[in-house]
Amino acid sequence: MRGLNTPGLLMLAMLAEPQMLEACWYGSAPRGLPKHYHKGLVFRHLFDRQNRPRPPWLDDIAPPRWKEPFRAGITVRFTVLYVAHRLGLESVRAEIHDIDDYDLRFLEQLDLTFMDRYNTNLIELIPGEIRAGVLGVFQEAGILPYTERDWAELDQVRAFCFAVRDGTYRATSGRPAR
0 MRGLNTPGLL
10 MLAMLAEPQM
20 LEACWYGSAP
30 RGLPKHYHKG
40 LVFRHLFDRQ
50 NRPRPPWLDD
60 IAPPRWKEPF
70 RAGITVRFTV
80 LYVAHRLGLE
90 SVRAEIHDID
100 DYDLRFLEQL
110 DLTFMDRYNT
120 NLIELIPGEI
130 RAGVLGVFQE
140 AGILPYTERD
150 WAELDQVRAF
160 CFAVRDGTYR
170 ATSGRPAR
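Numbering of the sequence shown is given in numbering that gives the first Met the number 0, commencing with residue 0 and proceeding in unit increments.
Everything labelled a hint here was simulated from the structure, so no lab data went into it.
C-beta atoms are modelled at their ideal positions from N, C-alpha and C, and glycine is treated no differently.
Each hint should be verified, as a subset may be incorrect.
What the hints assert, rightly or not - In the EDC-like style, the derived pairs of lysine to aspartate or glutamate whose C-alpha atoms are separated by at most 20 Å in a straight line are:
id, residue 1, residue 2
1, Lys34, Glu21
2, Lys34, Asp97
3, Lys66, Asp97
4, Lys34, Glu67
5, Lys66, Asp99
6, Lys34, Asp58
7, Lys66, Asp47
8, Lys66, Glu21
9, Lys66, Glu107
10, Lys66, Glu89
11, Lys34, Glu89
What the hints assert, rightly or not - Have a look at the derived ranges for each label pair, beta carbon to beta carbon:
id, residue 1, residue 2, range
12, Thr167, Pro17, 43 to 49 Å
13, Leu121, Arg48, 30 to 36 Å
14, Gly135, Thr167, 39 to 45 Å
15, Leu86, Arg64, 18 to 24 Å
16, Trp56, Leu121, 36 to 42 Å
17, Asp58, Arg148, 30 to 36 Å
18, Phe46, Ile125, 25 to 31 Å
19, Leu124, Arg64, 36 to 42 Å
20, Arg104, Arg130, 36 to 42 Å
21, Arg48, Glu123, 28 to 34 Å
22, Glu107, Gly132, 37 to 43 Å
23, Gln18, Glu89, 29 to 35 Å
24, Val136, Pro52, 21 to 27 Å
Using the sequences provided together with the hints, build the complete structure.
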């Protein structure tokens, strides 16, 4: 269970000075890796959503040097679904070779705002003497607590991802996903 997903973490990072944010970006993953690609897309989305000009270094997002199957990971797939929901399947096709084998229409019914929010179950794990400060920084970054809808959507996304991972999901072609 994560306290913050990738978009929430990047929202926190956007509070940093521009030169620090750029250094963090280049230090987080090399060009050509899936992590570089999908985090770059999420960063672009967040800058656009906040009506902030995109920094020039966000023009340098390279698709991964290789494509992965969707079921290769579980936590990263939450971010892939977020990118598909926010930016469209075309953005995901550069990273996931078999994404069209999955029926993602269920995403149309979801907001996926839990990806931008913090998991309230984990707040008690933050030491009491810094908890108010941490929550204040979350608020400054626009990171709100999960709502009941967020919990319900998280359950739906988890169920989908687990079914993909354990092989019980049937691809849109009717055959098991690759």
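Outcome of the hint check:
1. Lys34 x Glu21: Distance ~16 Å between Lys34 and Glu21 Cα, so the pair holds.
2. Lys34 x Asp97: holds, 18 Å
3. Lys66 x Asp97: Holds: Lys66 and Asp97 sit about 9 Å apart, inside 20 Å.
4. Lys34 x Glu67: holds, 12 Å
5. Lys66 x Asp99: holds, 13 Å
6. Lys34 x Asp58: Roughly 16 Å between the alpha carbons, so the hint for Lys34 and Asp58 holds.
7. Lys66 x Asp47: Violated. Lys66 to Asp47 sits at ~26 Å, over the 20 Å cutoff.
8. Lys66 x Glu21: violated, 26 Å
9. Lys66 x Glu107: violated, 25 Å
10. Lys66 x Glu89: holds, 13 Å
11. Lys34 x Glu89: holds, 17 Å
12. Thr167 x Pro17: 43 to 49 Å: Given range 43 to 49 Å: holds, Cβ gap about 46 Å.
13. Leu121 x Arg48: 30 to 36 Å: Given about 25 Å between the Cβ atoms, the range is violated.
14. Gly135 x Thr167: 39 to 45 Å: holds, 43 Å
15. Leu86 x Arg64: 18 to 24 Å: holds, 20 Å
16. Trp56 x Leu121: 36 to 42 Å: violated, 31 Å
17. Asp58 x Arg148: 30 to 36 Å: For Asp58 and Arg148 the Cβ distance comes to about 35 Å; the hint holds.
18. Phe46 x Ile125: 25 to 31 Å: holds, 28 Å
19. Leu124 x Arg64: 36 to 42 Å: holds, 37 Å
20. Arg104 x Arg130: 36 to 42 Å: holds, 40 Å
21. Arg48 x Glu123: 28 to 34 Å: This hint holds: roughly 30 Å between Cβ atoms.
22. Glu107 x Gly132: 37 to 43 Å: holds, 38 Å
23. Gln18 x Glu89: 29 to 35 Å: holds, 32 Å
24. Val136 x Pro52: 21 to 27 Å: Since Val136 and Pro52 have Cβ atoms about 23 Å apart, the given range 21 to 27 Å holds.
Checked against the numbered hints above, the structure violates hints 7, 8, 9, 13, 16; every other hint is satisfied.
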